[in-house]
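*Asks:* Letter by letter, the chains look like this.
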Amino acid sequence: MFEARLVQGSLLKKVLESIKDLVTDANFDCSQNGFALQAMDSSHVSLVALLLRNDGFEHYRCDRPMTMGMNLTNMSKMLKCAGNDDIITMKADDAGDVVTFMFESPEQDKISDFELKLMDIDSEHLGIPDTEYAATVKMPSAEFQRICRDLSSIGDTVTISVSKDGVKFSTTGDIGQANITCRQNTSVDKEEQTVIELQEPVTLTFALRYLNSFTKATPLAPTVQLQMSKELPVVVQYLIADMGYVRYYLAPKIEDEETAGEA
Amino acid sequence: MAGGKRAAAAATKKKKSSKKKAKQEANAAGVGDKSVEAAGRLLSYDPAKPVTWKSGEPVPYLFLAEIFESISETTKRLEIAELLTNAFRTILAAGTPEDLLAAVYLASNTIAPQHEGVDLGIGDATLIKMLAEATGRKESAIKSDYTKEGDLGIVAMMSRSTQSMMFAPPKLTIVGVLKEFRAIAKTEGTKSVDQKKGKIKKLLVAARECEAGYVTRSLQGKLRIGLAQQTVTTALAHAVVLHAETKDGKCADGKTHAELADRLGAAVDVLKQVFSECPSFDEIVPALLMDGGIDKLAERCHFRPGVPVKPMLAKPTCGVSEVLQRFSDVEFTCEYKYDGERAQIHLCEDGAVKIFSRNQEDNTPKFPDVIRALPTYLQEGVKSVVIDCEAVAFDRAEGKILPFQILSTRGRKNIDEKDIKVNVALYAFDCLYLNGENLLQKPMMERRKALYSAFKEVPGEFFFATAKVSRDVEELQVFLEDSIKENTEGLIVKTLDATYEPSKRSLNWLKLKKDYMEGCGDSLDLVPIGAFHGRGKRTGVYGAYLLACYDEESEELQSICKIGTGFSDEALESLSNSLKDTVIDAPRGYYKYGESVAPDVWFAASQVWEVKAADLSISPTHMAAHGLVDSTKGIALRFPRFLRVREDKTPETATSAEQVADFYNAQATKQEFNNGGDDDEF
Numbered sequence: 001m002f003e004a005r006l007v008q009g010s011l012l013k014k015v016l017e018s019i020k021d022l023v024t025d026a027n028f029d030c031s032q033n034g035f036a037l038q039a040m041d042s043s044h045v046s047l048v049a050l051l052l053r054n055d056g057f058e059h060y061r062c063d064r065p066m067t068m069g070m071n072l073t074n075m076s077k078m079l080k081c082a083g084n085d086d087i088i089t090m091k092a093d094d095a096g097d098v099v100t101f102m103f104e105s106p107e108q109d110k111i112s113d114f115e116l117k118l119m120d121i122d123s124e125h126l127g128i129p130d131t132e133y134a135a136t137v138k139m140p141s142a143e144f145q146r147i148c149r150d151l152s153s154i155g156d157t158v159t160i161s162v163s164k165d166g167v168k169f170s171t172t173g174d175i176g177q178a179n180i181t182c183r184q185n186t187s188v189d190k191e192e193q194t195v196i197e198l199q200e201p202v203t204l205t206f207a208l209r210y211l212n213s214f215t216k217a218t219p220l221a222p223t224v225q226l227q228m229s230k231e232l233p234v235v236v237q238y239l240i241a242d243m244g245y246v247r248y249y250l251a252p253k254i255e256d257e258e259t260a261g262e263a
Numbered sequence: 001m002a003g004g005k006r007a008a009a010a011a012t013k014k015k016k017s018s019k020k021k022a023k024q025e026a027n028a029a030g031v032g033d034k035s036v037e038a039a040g041r042l043l044s045y046d047p048a049k050p051v052t053w054k055s056g057e058p059v060p061y062l063f064l065a066e067i068f069e070s071i072s073e074t075t076k077r078l079e080i081a082e083l084l085t086n087a088f089r090t091i092l093a094a095g096t097p098e099d100l101l102a103a104v105y106l107a108s109n110t111i112a113p114q115h116e117g118v119d120l121g122i123g124d125a126t127l128i129k130m131l132a133e134a135t136g137r138k139e140s141a142i143k144s145d146y147t148k149e150g151d152l153g154i155v156a157m158m159s160r161s162t163q164s165m166m167f168a169p170p171k172l173t174i175v176g177v178l179k180e181f182r183a184i185a186k187t188e189g190t191k192s193v194d195q196k197k198g199k200i201k202k203l204l205v206a207a208r209e210c211e212a213g214y215v216t217r218s219l220q221g222k223l224r225i226g227l228a229q230q231t232v233t234t235a236l237a238h239a240v241v242l243h244a245e246t247k248d249g250k251c252a253d254g255k256t257h258a259e260l261a262d263r264l265g266a267a268v269d270v271l272k273q274v275f276s277e278c279p280s281f282d283e284i285v286p287a288l289l290m291d292g293g294i295d296k297l298a299e300r301c302h303f304r305p306g307v308p309v310k311p312m313l314a315k316p317t318c319g320v321s322e323v324l325q326r327f328s329d330v331e332f333t334c335e336y337k338y339d340g341e342r343a344q345i346h347l348c349e350d351g352a353v354k355i356f357s358r359n360q361e362d363n364t365p366k367f368p369d370v371i372r373a374l375p376t377y378l379q380e381g382v383k384s385v386v387i388d389c390e391a392v393a394f395d396r397a398e399g400k401i402l403p404f405q406i407l408s409t410r411g412r413k414n415i416d417e418k419d420i421k422v423n424v425a426l427y428a429f430d431c432l433y434l435n436g437e438n439l440l441q442k443p444m445m446e447r448r449k450a451l452y453s454a455f456k457e458v459p460g461e462f463f464f465a466t467a468k469v470s471r472d473v474e475e476l477q478v479f480l481e482d483s484i485k486e487n488t489e490g491l492i493v494k495t496l497d498a499t500y501e502p503s504k505r506s507l508n509w510l511k512l513k514k515d516y517m518e519g520c521g522d523s524l525d526l527v528p529i530g531a532f533h534g535r536g537k538r539t540g541v542y543g544a545y546l547l548a549c550y551d552e553e554s555e556e557l558q559s560i561c562k563i564g565t566g567f568s569d570e571a572l573e574s575l576s577n578s579l580k581d582t583v584i585d586a587p588r589g590y591y592k593y594g595e596s597v598a599p600d601v602w603f604a605a606s607q608v609w610e611v612k613a614a615d616l617s618i619s620p621t622h623m624a625a626h627g628l629v630d631s632t633k634g635i636a637l638r639f640p641r642f643l644r645v646r647e648d649k650t651p652e653t654a655t656s657a658e659q660v661a662d663f664y665n666a667q668a669t670k671q672e673f674n675n676g677g678d679d680d681e682f
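Residue numbers (UniProt numbering), protein chains in the order written: chain L, 1 to 263; chain Z, 1 to 682.
If we strip away everything but chain L, and leave its shape as in the complex, we get:
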């Protein structure tokens, strides 16, 4: 038996919006610790990891670990039927083939039940090694979203260079090129700060298409954290207050002479 009640139902809607563009079908893993998901996109270029800890729910019960395979588009269709102030409860039986979403209006005058069919999805759980990253950048999530959106109107890829002065985003396209540099700043408002922790400078190139999908998580958190090391995937993390996180991993482009002209 699995049951989880989330007072702030809109949060679940936002979480789903942040992953459904990247992954069509995914397994949710429910355990005593919380509600989690890990999935790769169909090109195996990016990976999304979600965790909603048990203590973030008003009520959480999971008798034994279970996996629920869902089509995220269909799940999103159902969650869109919930009001923004609704309380959302997820329920599933141990051997059942459906998950139930129950929406309660704040005044308790309307209760809706939606049942989503579960599906069998092959997926292997991939362990992501914990690494020390050479560079960590914290910046306002809206700013990061804006940069990715702006640059993708010029080019397809973005080169991110982190130095002790700041982080530089640059792209080249048919019409020209663009560079945006964000310097460290220690604004009073913590959410406006750009903070860089650096072991050594790093420069990596990524496909903007994926980064733009990641920024769908912007409503979940005021700040975003980028972690990079040479030749390793970048980690883009949005912390969900008091609950957990959405983390995206994106493998870098391979740079060589032949493809440099193409990109």
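No lab work stands behind these hints: they were computed from the structure.
Errors might be hidden in some of the hints.
With a straight-line cut-off of 25 angstroms between C-alpha atoms, the simulated DMTMM-like cross-links for lysine to aspartate or glutamate are [stated by the list, open to error]:
id	chain 1	residue 1	chain 2	residue 2
1	Z	K179	L	E124
2	Z	K186	L	D94
3	Z	K201	L	D122
4	Z	K129	L	D174
5	Z	K197	L	D156
Place chain Z on chain L using the hints.
*Replies:* Structure of chain Z alone, referenced to chain L:
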């Protein structure tokens, strides 16, 4: 001129006789020396050696892709057969029956038995898009490579990924690839395009080394490595025998190399025969691996209603006198050759009715009227039957056969019986199965008796093909002329004691068309691969086209002639419009043509046209059947004339290079024959 032709004819004759001699020698020794040597080589192969995977684990697709790669590097048939035979042996040694079945399908460039109608054939645009997404390259870069290389498979192999991955996907397996192919082919309904794309991308993402190339080509429905179906069948038969009867490089029962070669040859004959009667590897491969294997195959897999056999075909001839000469000492019968669609009608034990086309496609949904009326044609007591017949358009008010063109205006799918405007009549001429008995091996005479005993004629709907038994030239000539007055194409002449030989263009059936009265030569079904812009009256449409025949062995389209006559103004207009959408920037790598005939625009092969020509000649510019008649030159058609578009054919079923060579040789023989006649008179 006449002298030249005669010399050519004599040369052909000489070539034939020397070939015959070689064959006789081979027969004397049981089999050819080459096959004995080959048997020795096959024995020395160690099937376990190339195994890179754990025994019992699914065989990796890379193993098969690498075999394809080796096959594409040679043009020698024997070598290709050996490569594939050994690959199958390795799969037998370290894989499961499922692995072998999947490998046979993939090597045959099919994914399911033909009559199930499950085909791939994904468009280039989709593949380019998916390749771009899977590799992270730009679509425009892939397109420009495609223009350069002319083959998407090569582009896929070249497209090194510019994008690293989080985790490499699981390796492709032979069984897994076939499963995905089938799923892709069967995906339909809303969002099917996206689902297909997702599956294609998954395959391309997981492809390593040369795999991407062969996945791409299979998805296009064209393997293009010079691997003919016959070779796959041969390799399968060889592999099964070698696997079962040899050990450690020796025959289990102490056979000599020559005996082994004999055994292998016999196994191929059995498999080919069984496959023609039961064209389904789903049934054949498991049966081959059962106890008794090839020896018991014919008992386990045989013809039955519901699974179509390939239709028996007729050889073209040049006139009544040639027929009489060929059949000088056998009984034969003549039947009208109706101009319609070949239909093999199956009535299964459970009452289900299926109608198959000449390509074993399931045409059942096309003829709801026939399905409904079929019981009224049957005599009492008929529980199951398979007949071969021609479905022709028929005017029931006038009681008259209508031309083929009218039949082709009938819809193809989802036809509601109420909407049918064109009625069809069936002209039955053969019976292959009756009440549980397989009649394929029975002589024509018995099969015809069975047909008459199982059916009754229903005016305007079901007829027996008009037939006549005679040996008199005059009478046959009159019969031929009558047949043409009846709106048929001419006559089919059949020997009475011949069995039904599926898929063979046998000498036991000859066709005698009305065209032969005007001159010699059958019509050809050719593929337009390019066009020339029209001038003068034809400004704005294509004025002339470049046509090609299809070489099954090399999977090439070989140019055979330019054509500009026989087109009505409407035809020019509609052909131009329909072909405009298939224009490609450069010829595909598998188009073979002389530089001097390069057209203004190239087409992706899509249509097949029936074309009539005055005769055939050796050509330095055209490439049809090159290497078959002349070692370097090809064959061209002289004075080609457009007849019609063959809606029922695909470029792969166009007239083959081999048939073109046959036509050329037959023409030479006929000239020789005529010349011989002249000599007698003088």
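*Asks:* Enumerate the violated hints, using their earlier numbering and listing them in ascending order.
*Replies:* 2
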